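Whole structure, please, built from the sequences with the hints as guidance.
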Amino acid sequence: MAGYFKDLYLGVTTVIAGMQVTFRHLFEKNITIQYPRVVKEMYPRARARLVNTISECECCYKCQRICPVNIFTITGIRAGKDEDLGMLPSGKPKQMHILEFDIDFSKCVYCGLCVDVCETKSLHWEAPQEVCTFTRGEMKISFADMPEEEKQRLLKQEAEKKAARAAAAAAKAAAGGAKPGAKPVPKKPVVKKDEGENAAEEKTE
Amino acid sequence: MSIIQIIISAIYLVGMIGFISVFALVAIWLERKVSAHVQDRLGPMETGGWHGWSQTIADMLKLLLKEDVVPDAADKPLFKLAPYIAFTGSLAAFAVLPMSANLIGTDLNIGIYYLIAVSSLVTISIIMAGWASNNKWSLFGAMRAASQMLNYEIPVALSLLVPILIVGSLSMQELVGAQAGGFWNWTIFGAHLGGGSFLLLPFTILAFVIYFWSSLAEVNRTPFDLPEGESEIIGFQVEYSAMRFAMFYLTEFANMFLVSGVAVALFLGGWHAPLPFLEISPETSILFHNLIGLGWFVLKAMILVVIQMWLRWTLPRLRVDQLMHICWKVFIPFSLANVLVVSLLAVLQS
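Note that the protein sequences, when read in sequence, are chains S and D.
Every number in the numbering used here is 199 more than the matching position in the first sequence, counting from 1.
Every number in the numbering used here is 5 more than the matching position in the second sequence, counting from 1.
Simulated from the structure, these hints should not be mistaken for lab results.
A portion of the hints provided could be inaccurate.
Okay, the calculated bits of chain D under chain S, using three or more residues with CB under 8 Å as the criterion [stated by the list, open to error]: (1) 46-52; (2) 311-325.
Label-pair distances were calculated between CB atoms; the ranges are [as the list claims (entries may be wrong)]: (3) S/345 <-> D/246: 57 to 67 Å; (4) S/229 <-> D/173: 42 to 52 Å; (5) S/231 <-> D/9: 46 to 56 Å; (6) S/205 <-> D/142: 29 to 39 Å.
Since the structure is predicted, the reported quantities are computational estimates derived from the model, not experimental observations.
Note that the Cβ used here is the ideal one computed from N, Cα and C, for glycine as well.
Next comes the structure, spelled out in C-alpha cells:
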C-alpha cells in the first residue's frame with residue numbers, strides 16, 4: 200500500500216517536473232536556422248571548395264599529377280622571353296599563359312593533396328555556403344580568365360612555333376643524317392630543353 | 006416544431022461546424038507551434054507570412070485534393086462511413102455545450118448525461134474504421150481504442166458527478182449558471198455547498214484533475230495515444246487517406262475542444278467572467294452579453310487545450326498495462342471515494 204502511494208506521489212511530481220522543463224523550453228532560444236534567409240557561417244578551415252587564384256598560379260601541373268581522381272584539366276603555354284606576365288608572390292616572374300584551369304568537383308574526393316603540393320599557395324580551400332548545383336556539368340568550374348580570342352591567338356602561335364621547331368629539327372636531322380643512331384638523340388634534348396612543360400600539357404586530354 | 010425553429014437550428018448547426026473547422030485549423034497550427042517550441046524548433050514559418058499562420062489551410066487544401074484510396078478488401082460502406090460517424094458523434098455532443106447564455110444548441114435537462122452518452126459514439130466509429138479497413142494493425146488499434154475509451158468513460162462520468170452533486174442539476178446551463186459572480190463561485194473551488202466555505206476544495210480539485218486526465222485518454226492524446234500511436238505503433242487510421250483521414254483529425258481536435266469545454270462549463274465557471282465587472286449584463290445588451298460570454302468560454306477552453314498540448318509534448322506514451330493501471334487502480338477508486346465524500350457532504354448540508 201505504501202508503494203502504491205509512493206508511486207502516485209512520484210507520478211504527480213515527475214509530471215510536474217517534466218512540465219516545468221518543457222515550459223522553460225517554450226521560451227528558450229530556438230536552434231533552427233532559417234536557411235535560405237539566414238546562412239550559417241562555415242568553418243574557415245572547411246574543405247568545401249577548391250579555389251585557384253589564377254594570377255598567382257605557376258601552372259606547374261603538380262596538382263594535376265598528384266590528384267588521385269584526376270579532376271584537373273589544365274592547359275598552359277610557356278611565355279616567350281620578351282613577354283611580361285607579372286610576378287608570382289614568391290618573387291619569381293610568371294612564365295606560363297594559363298589557357299584552361301578546370302576543376303571537376305563532381306569527381307573530387309576532398310583529400311587536399313593538391314593544396315599540400317601547391318608551392319605558390321594559389322590553390323586553396325574556401326568555404327562558400329552554397330556549393331550545390333542543378334546539373335553535374337555545373338560542378339565543373341573554370342578558373343582561367345583568358346579571353347577566347349587571346350586563347351586562339353596563343354594556340355595558333357604555339358602551333359606555328361612547334362611547326363617551326365619540328366622543321367628545324369627535321370632539317371637538323373637531315374643535316375646529320377649520315378650518322379646512324381644519332382637521330383633520336385638530338386630530338387630528345389630539344390623537347391626537354393624547350394618544351395618540358397608542354398610535354399606535361401600534352402598529357403592532359 | 007415550427008419552421009423558424011428548424012431554420013434557427015440549421016443555422017446553429019452550420020455555425021457550429023464552421024466554428025469547429027476554424028478551431029481545428031487554429032489548434033493544429035498551435036499544436037505544431039507548441040511542439041516545435043518545446044523542442045527548441047520554430048515550426049511552420051513560411052506559408053502565409055507571419056509565423057506560417059496559413060500552414061494548416063494549405064494542408065487542408067492538400068488533403069482535399071489528394072486521392073481518396075479505399076482498399077480493395079475493405080468493407081467499403083463501413084469504411085466510408087466511419088469518419089463521418091466519428092465527426093457526427095463529436096458534433097452531436099456540441100449541441101449541449103453552453104457557449105454563452107443563449108448560444109447553446111438545446112438546453113436539455115439531462116444535458117451532461119446526453120453529452121457523455123453521445124460522445125462515446127466516437128469509440129464505435131473507431132472500431133468501425135479498424136474493422137472495415139481489413140487490416141490487422143488497424144484492428145489492433147481499434148481494439149486498443151475501444152478498451153481505453155470505454156475504461157476512461159468511468160472516471161470521466163464519476164468525476165463529472167461531483168459538480169452535478171454540488172449544483173444539483175444535469176442541465177448544462179444550470180450547471181454554468183450556478184457559478185455566476187466571480188471565480189470564487191466556480192465549482193472547482195467548491196464554494197456553493199456550505200455558503201462560501203472552501204470545505205470542498207480538495208475534492209473538487211481532485212475531481213477536476215481526474216476529469217482532465219481521463220479526458221486526455223478519451224480524446225486519444227499523448228500520454229494516452231495508444232489507439233493512434235502516430236509515430237510508432239500503428240493505429241486505426243492506417244488505411245485512411247485524403248478527406249476521410251482529415252475527418253478523423255478534425256474529430257480529434259473537435260473532441261479536444263469538447264472535453265475542454267465540458268471542463269470549463271462544469272468546473273471553471275463556463276461563460277462567466279472570472280470577475281463580475283468583466284461581464285455585460287443581459288439588461289444592457291443581450292448581444293454583447295452573449296458575445297463576451299462566448300469570448301470567455303473560448304478563452305478558457307483554449308487555455309485547457311494549450312495545457313493538453315503542453316502535456317502531450319512533455320510526457321511519453323504509456324504502455325497498455327500502465328494505462329489500465331492508472332484507470333482501474335488509481336482514477337476509479339479515487340473518483341469513487343470522491344463522489345462518496347461529496348455526496349455525504351451534500352446530504353449533510355441540505
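Q) Within 42 to 52 Å or not, the Cβ separation of residue 229 of chain S and residue 173 of chain D? A) Cβ of residue 229 of chain S to Cβ of residue 173 of chain D: about 51 Å, so the range 42 to 52 Å holds.
Q.
Three residues or more, CB to CB closer than 8 Å: is that satisfied between the region 46-52 of chain D and chain S?
A. Coverage by chain S holds for the region 46-52 of chain D (3 residues, Cβ < 8 Å).
(Q) Is the listed coverage of the region 311-325 of chain D by chain S valid when you require three or more residues with a beta carbon under 8 Å from a beta carbon of that chain? (A) holds (count 5)
Q.
29 to 39 Å was suggested as the range; check whether the CB atoms of residue 205 of chain S and residue 142 of chain D agree with it.
A. Since the Cβ atoms of residue 205 of chain S and residue 142 of chain D sit about 37 Å apart, the hinted range of 29 to 39 Å holds.
Q) If you check the beta carbons of residue 345 of chain S and residue 246 of chain D, does the distance land in 57 to 67 Å? A) Given range 57 to 67 Å: holds, Cβ gap about 59 Å.
Q. Okay, residue 231 of chain S versus residue 9 of chain D on CB: inside 46 to 56 Å?
A. The hint (46 to 56 Å, Cβ to Cβ) holds, given that residue 231 of chain S and residue 9 of chain D are roughly 54 Å apart.
Checked against the numbered hints above, the structure violates none of them.
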